[in-house]
Amino acid sequence: MPLLKVSSLEVQFDTPEGVVKAVNGMDFQLNESETLAIVGESGSGKSQLVMAIMGLLAENGSASGRAEFHGRDLMQMAPKELNAIRGRHIAMIFQDPMTSLNPFLTIEKQMIEVVMHHQGLSRDEARAHAVEMLRAVRIPDPEERIRQYPHEYSGGMRQRVMIAMGLLCEPEVLIADEPSTALDVTIQAQITDLVSELRKQTRMAIILITHDLAAVAEISDRIIVMYAGELVETGSAEDIFYRPQHPYTRGLLASVPRLDRVSDDELQAIPGNPPNLQDLPTGCRFRDRCSQAMDECLQRPPLWVSEDGRMSRCFLPMEGGRIANAGASEGDAE
Amino acid sequence: MSKPVLRVQDLAVTFTSFTGGWLHRKERTLRAVDGISFELHAGETLGIVGESGSGKSTLARAILGLIRPSRGRVQWMGEDLTGLEEEDLRQKRKQLQIVFQDPIASLNPRMTAGDIIAEPLWTFYPNMERLQVDERTRGMMKMVGLLPNQINRYPHEFSGGQCQRIGIARSLVLNPRLLICDEPVSALDVSIQAQIINLMKGLQKKLGLALIFIAHDLSVVRHISDRVMVMYMGQAMEVSAKTAMYRRPLHPYSNALMKSVAVPDPKLARAARQESWLTGDMPSPYQRPQGCIFHTRCPYRVKRCEADVPALRRMESGDWVACHRAEDLDLAI
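Line order of the protein sequences matches chains A and B. Residue 1631 in my numbering sits at position 150 of the first sequence, with consecutive numbering throughout. Residue 118 in my numbering sits at position 117 of the second sequence, with consecutive numbering throughout.
Next up, chain B with everything else stripped away, as it sits in the complex (with noise of 0.2 Å):
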């Protein structure tokens, strides 16, 4: 197998913030992101999934350097990107993008179509001719589907699906090898989604994009992903091969978040939700749990799991989870 372009190795990152007024000043450490690694190659699409507050996209954001980590490293065609000056940082972006959640509101409404898409050519090649930037960007425009004639409308002209579009083709145009999808649908209404998620796939084919896909529902990265790795709370507790993953999870948690999707078949998902099980909330993330982070809503859950953290270990096929008891678990969907 080629080398990968993106290796993510054992990267954390965490936010401190201070309680109790400035007499009984008191700092608590919150680990958004908790020792996460990863390759990935040129053309293949990891989707990342997990619920709110399981560090997705503090994920997506240091792995950008958009966030500096507090351990681990980021190496990008086998330089490492946490070590870099701002400069050196920013000419690599060129090559890493990001597209974000909600498609109105990442949009300056100020600025024309073609000057959100054209705007990331101005910054880095401040020198480019007018005509051939407008080039370009009528040229994006069409690999989207937008219509060139639209480059003069502002964002409030198109609707969410078109925006998403506009968001594409902006952190396309600088040519990056690596686009981070963060949430690029779930703002989205669910017959547009499905737009998207194919144009996103047929880019991707077509331009050999390394592609990160971020959502919290499984159903919607399983059309994209050829790996899936689901998080929780900051950790990894699966990382599999998708048709794996999709047919019999590893870990409780990718299982529990299968069965929470709604099944569009009133009998059954009738029949379905006698078995749900997911209960409660994510625990708070400045009282984390002691031994497996997920053991205090996990059904399958034994004496071992609450002393001892599970390692993220890779089994015979390949796939890697971080559960004591993965061998002796069946979770076949």
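Here chain A stands alone, though its shape is the one from the complex (with noise of 0.2 Å):
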């Protein structure tokens, strides 16, 4: 059994110019100790899949869906039973260390209250697990540091700061948005090969939420691409990378600029804007914007599944592919 199974989840904000439906119908599922990126774009819906899934939208946003975390729900909890599973079993960590750490508090007394709360350690013990969890990521001085305000770390120090508190209840998934692109490459570098440690060292199921796809590529076992809110696909990172079958992930992979290549001068950059999720195109959600643009894209491409578990959503075949039976989200009217 998948750790967790989403299906047919759905989000959509209220706002004062009509519906917004940010996420239609996503399917997936993270195994124990995988890393699963979900890559895409601003608007794309990555971050409010993930929100829906923690029980975090926005007051105006409201989800549908299945997210089963060991068999059971999410979406159906009461909220104090999320509360128990958030944190504790599912820990998060978000893009800006700045605006999640509080500036009036130690890091101390921020690390120390979550362990009491979920565990129910001690202060002493607590602490103690604060420490180790800072060594852990690197801290230097941590029994010295731990005292210290955020204001006192640097930018890549208080983003390991995040992912230790992540990590305090030894959560079973962790999931990072955007976990470093506030950050300079080389601490960006420090923060890859931080989870990618953690990864061999525990048995922890990462979801990386980004949109830089490159950022991922050393540290992921598997890739979802979306955009405009849904799956356009998904692979392990090898298909991702060198097979890419959408149209939309190999512009993505085109427009990086790359230092490993000797390159000409002009980058291949994806042309247009994401579209307005309440202006969508009829059809396919890519089409004003691929190079590969026919008449059937103006009907709902199908979506292209194979044995193992590759998938594009696309009119153009996928290799070893099979088109998947319209499912209940799949049958979605534009």
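The set of hints was computed from the structure by calculation and includes no laboratory data. Built from N, CA and C at the ideal position, the CB exists for glycine as well. There could be a bad hint or two in this list.
[Claimed, not checked] Now the stretches of chain B that chain A is said to cover, found in silico as 3 or more residues with beta-carbon under 8 Å:
1) 188 to 195
2) 215 to 223
3) 262 to 268
Dock chain one against chain two, each of which comes alone in its own frame, and use the hints as you go.
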């Protein structure tokens, strides 16, 4: 049984301009000790997807579908039950460490409260555990530094503190939303290193949410590419990087400036902008920006599925795939 | 070679702050930019790369006179800007413009795209005919890839990439000769970053601009730069021609920055990470290391690096480096 199984997940927001559908029928699963990357541009729904699973949508948001964690549907849980799982079994790290840490509390205070709350440890035990976690994320002098305030840490160290806090309760799933994009490349590399070490040492499953495919090449087992609220392609990291099927995935890969290749001086950009979710094109949502768009693309594209779980939503046939039967979320009329 | 349009000589910026309350008040100075020199020709692009805190944005602001330097000179077309009165400097800014990092935060949300782009015209040419301003604004919108019929829309109606196009149109509306772009793409989605980099490159060619392009990521500046300067704690570690920099950087820090860039290839990335070696954080700017400023993080340091400050010196190739060991290190990529 997968650790986390998400099916037919939909997220929508009530706005003054009408209902906006941010996530349109997502299905995926996360296995034990697996690292899954969810990649997409702003507005692709990647963050709202996990916010819905965690019960953290903004007030005007609502979600439907199922998100089964050990077979129990998180979407149906009472807030109290969900609170017992959040932080303890599923931890989440947000993009900007400066806004997620309380600037008025020492790191110690912020860390040990979590542990005392979830694990019922005494203050001293909690403190020792917190120091150990800071050491694990390579904060120098953790006994000293735990007494400091967030502003006394550098940006990279703050992000490592966030990761340490996420790890405090030894969760089964760690969800990291753009954990390194606000950081310098050198610090990004350090965080990537850290995550890849954690993968080796623990059986923790990780969901990485990012707009930058390159950032997850090294550490993901499987990748889901999202566009305008939908899954457009999924596969192993090797599939996505070496044998991308969907034109959007290919476009994303081509637009990354690379140091490991001699290149002509023009970058291959994807033309245009992501669509407005309130005014989506009919048929394929990517067709306005697609270099291979055809007449068929005015219709909703089929979802190709292969034996090993690879998928692509496109009229271009996927190697080794067959067209999936339209499920409940698939039949959704435009 | 023609004369450079911009000549920066030994430019330094220090910030002073106070600690310790009013009884034990202590003055601290922070050397944000510490003796930077370079030349820039018309039609040439200099990429400036470094981690946050390396002083790249402060350098940009000091060149434009938005921050008064504590030392050094900024010569624009042979004239020293650092000695100018505020009003003369303001007039010069017609020729020297800047594009900022956060495309959405740097635009006034209550102004239409057209007004944002036209504002510099109203400021510098208050008597310009409305019709003429309008025409110029629409022309600029077309040039940066916006639709002229979007002229009356507000920033929130545009995407991040489109907002950055508005920022670029505004910075070019006065026909500047030098454009400084401070991290113009780091807030944008990857697919849009490439669009903006290509746009900048195209505009620069078309308008013959001298361009300074600042980023924290060496892979981003590669496509647009002729030369690249790598900065660390306010100092230039290396200034090299693009091909040299990306084939065989001279300074261990340049090499470290390059090694930190994520490779979009699982196998290569996993193999490369074994040798990633830039550890630790930048030292506190108030406790600058003695000797070579980079020695605390440098895997190639020797005794000498802890005591002697390496000067930025010219190599046979014409590239510049501040490292004692530049000759005996082979940092081929």
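Evaluated hints:
Counting residues of the region 188 to 195 of chain B whose CB falls under 8 Å from any CB of chain A gives 6; the rule of at least 3 is met. For the region 215 to 223 of chain B, the stated coverage by chain A holds: 6 residues have a C-beta nearer than 8 Å to a C-beta of that chain, and at least 3 were required. Using a Cβ-Cβ cut-off of 8 Å, 7 residues of the region 262 to 268 of chain B lie near chain A, which meets the minimum of three, so the contact claim holds.
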